[in-house]
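K.L.:
Starting from the known structure of chain A, arrange chain B on it as the hints suggest.
2 protein chains.
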Amino acid sequence: MKDLIILKIGGSVFACKDSDKPKIDQKALERICREIGNAHSKIKEKSSLIIVHGAGSYGHLIVKRTGIDKGIKNNEDLLALAETQRLQNELNLIVTKELAKNGIPAFPFQSSDHAVMSAGALKSMSVDAIAGMLKIGLTPVAYGVPAYDEKQGCSILSGDQIAPYLAQHLKTKKIIHATDVDGVYTADPKMDRNAKLIPEITSKNFDKIKAGLSGSVSTDVTGGMLKKVTGLIALTEKGAESQIINGTRIGFVEKALLGEVFGTTIRR
Amino acid sequence: MKDLIILKIGGSVFACKDSDKPKIDQKALERICREIGNAHSKIKEKSSLIIVHGAGSYGHLIVKRTGIDKGIKNNEDLLALAETQRLQNELNLIVTKELAKNGIPAFPFQSSDHAVMSAGALKSMSVDAIAGMLKIGLTPVAYGVPAYDEKQGCSILSGDQIAPYLAQHLKTKKIIHATDVDGVYTADPKMDRNAKLIPEITSKNFDKIKAGLSGSVSTDVTGGMLKKVTGLIALTEKGAESQIINGTRIGFVEKALLGEVFGTTIRR
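Sequence order for the protein chains is A and B.
First residue of the first sequence? That's 558 in the numbering used here, and the numbers climb one at a time after it.
First residue of the second sequence? That's 558 in the numbering used here, and the numbers climb one at a time after it.
Just so you know, these hints were derived from the structure itself, not from any lab.
There could be a bad hint or two in this list.
Note: identical chains are not told apart, hence a pair may lie in one copy or across any two.
Claimed, not checked - When the alpha-carbon atoms are kept at most 20 Å apart in a straight line, the in silico DMTMM-like pairs for lysine to aspartate or glutamate are as follows: (1) K654 / D634; (2) K658 / E647; (3) K680 / E633; (4) K784 / E640; (5) K621 / E633; (6) K761 / E647; (7) K765 / D626; (8) K580 / E647; (9) K580 / E640; (10) K728 / E707; (11) K730 / D626; (12) K708 / D749; (13) K692 / D634; (14) K680 / D626; (15) K680 / D737; (16) K630 / E811; (17) K731 / E757; (18) K627 / E798.
Pulled out of the complex, with its shape left as it was, chain A reads as follows (with noise of 0.2 Å):
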């Protein structure tokens, strides 16, 4: 059998994040799918892929402008969450075509037709159908969408929840996160210029490294670097492990998808 690795590629990193409109930069996205397409050529005989992207200004922006996170109050709300799933279909096959044209068999994973939520947490997924996928060598390209949530309506399914209960409900080797900064940092980078890059990060050093990961700075819905690592340090009792890298820097997706160690590694 197959390793599975799981890239999480944020919305920063090609949906133009800060954008007061829907966008994407191009540019980025060919490079980021060139880079996945070189390395899953080398590696698809001995690993599958599992791809999940985030929604970055296709789907943040709509979400604050509605409030659909917090729940459905009436008719609009309901138009405005029909509205913000059929956008980030459109961004999911603008990426899975890009994918494409480099070689990968991406096939659109839309989560929301299959999970439920309760209280903005994920409660099920079914994993049935992408454990399939897997098996004849597909590359599933799930996404942040609005889900069913039993509690409130609806709740956002974020790439950064998907990710990893993907990796808890399959055999999961590594789980890639291209993020818009170099790894986990002892501050916010943004922020401070102090801030220094933790190489590693276990169950024993967490603890202390916990206070200054108090959330990414920019507009994100989907919560900062510390809920982030938080889920991913609970994997590593699953035997995951994970990477948290800059994709916005040449080469580094490719890099670690072929298994180079850098940024920050989160392990056991």
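P.N.:
Just chain B, lined up with the frame of chain A:
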């Protein structure tokens, strides 16, 4: 609790089944969506709605060309499989956007990210999320897709399989099949001038009718009328009544959603 109506719209009604490239009959799509919008505004307090649409020229061509309905043989098939799914998502976006213009909170429902097939038959699919979507008032819009098949790698999960599966697993009052014929005939009305419309089919008269239903004429990888009616007969045992109508005729979809009886009714 609201009644559930499932509306299946055949690809032949709006997606140019006989075109030699993926093509939408824009005028037909706009009319159908307007009719659904008109009906939805009148019935939404008492009825939930699921829409399932076929693929027409968006599906049959690529499937015939690549043979992915018979499974996966090589890397090219894998790329074709992923491309087929992306093409269906494009079609679904066109349909859901047109529905949204008519006031429908049309939420894409991909099916293939949780469905498991076995030798071409739908084995399992998650209905937890769709039940929740209906509860909050969304209109899920499912569509024919290529899906993982545990026996042959992949196969086609058609709208004609999705609709009865959902009907069986969600308490359903009525399934409306909008096709390009006026209902079920004693023989194929496109081939035989003496074919007569059958207004009502029950398990009692079905055996006599079977002989005439030897499958629809035009290119269709999903099987013809016989398969459709056989499935609908089985559903009457679950309390779900079906109606087969001509969706190419102006006003027929709207009238059927409003409860008018015409075409062929399949009941217990």
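K.L.:
Against this structure, judge whether each hint is valid.
P.N.:
Against the structure, the hints:
1. K654 / D634: between (30 Å within a copy, 16 Å between copies)
2. K658 / E647: Both, since 17 Å and 17 Å are each at most 20 Å.
3. K680 / E633: neither (26 Å within a copy, 36 Å between copies)
4. K784 / E640: Close neither inside one copy (27 Å) nor across copies (35 Å); limit 20 Å.
5. K621 / E633: within (15 Å within a copy, 41 Å between copies)
6. K761 / E647: neither (42 Å within a copy, 48 Å between copies)
7. K765 / D626: Neither, since 31 Å and 55 Å both go past 20 Å.
8. K580 / E647: Both, since 11 Å and 19 Å are each at most 20 Å.
9. K580 / E640: So K580 and E640 pass the 20 Å test inside one copy only (16 Å; across, 23 Å).
10. K728 / E707: between (28 Å within a copy, 19 Å between copies)
11. K730 / D626: neither (31 Å within a copy, 32 Å between copies)
12. K708 / D749: Answer is neither: 38 Å inside a copy and 56 Å across each miss the 20 Å cutoff.
13. K692 / D634: between (39 Å within a copy, 14 Å between copies)
14. K680 / D626: So K680 and D626 pass the 20 Å test inside one copy only (16 Å; across, 33 Å).
15. K680 / D737: neither (29 Å within a copy, 42 Å between copies)
16. K630 / E811: neither (44 Å within a copy, 28 Å between copies)
17. K731 / E757: within (15 Å within a copy, 58 Å between copies)
18. K627 / E798: Neither way: K627 and E798 sit 32 Å apart in one copy and 38 Å across, limit 20 Å.
Hints 3, 4, 6, 7, 11, 12, 15, 16 and 18 from the earlier list are contradicted by this structure; the remaining hints agree with it.
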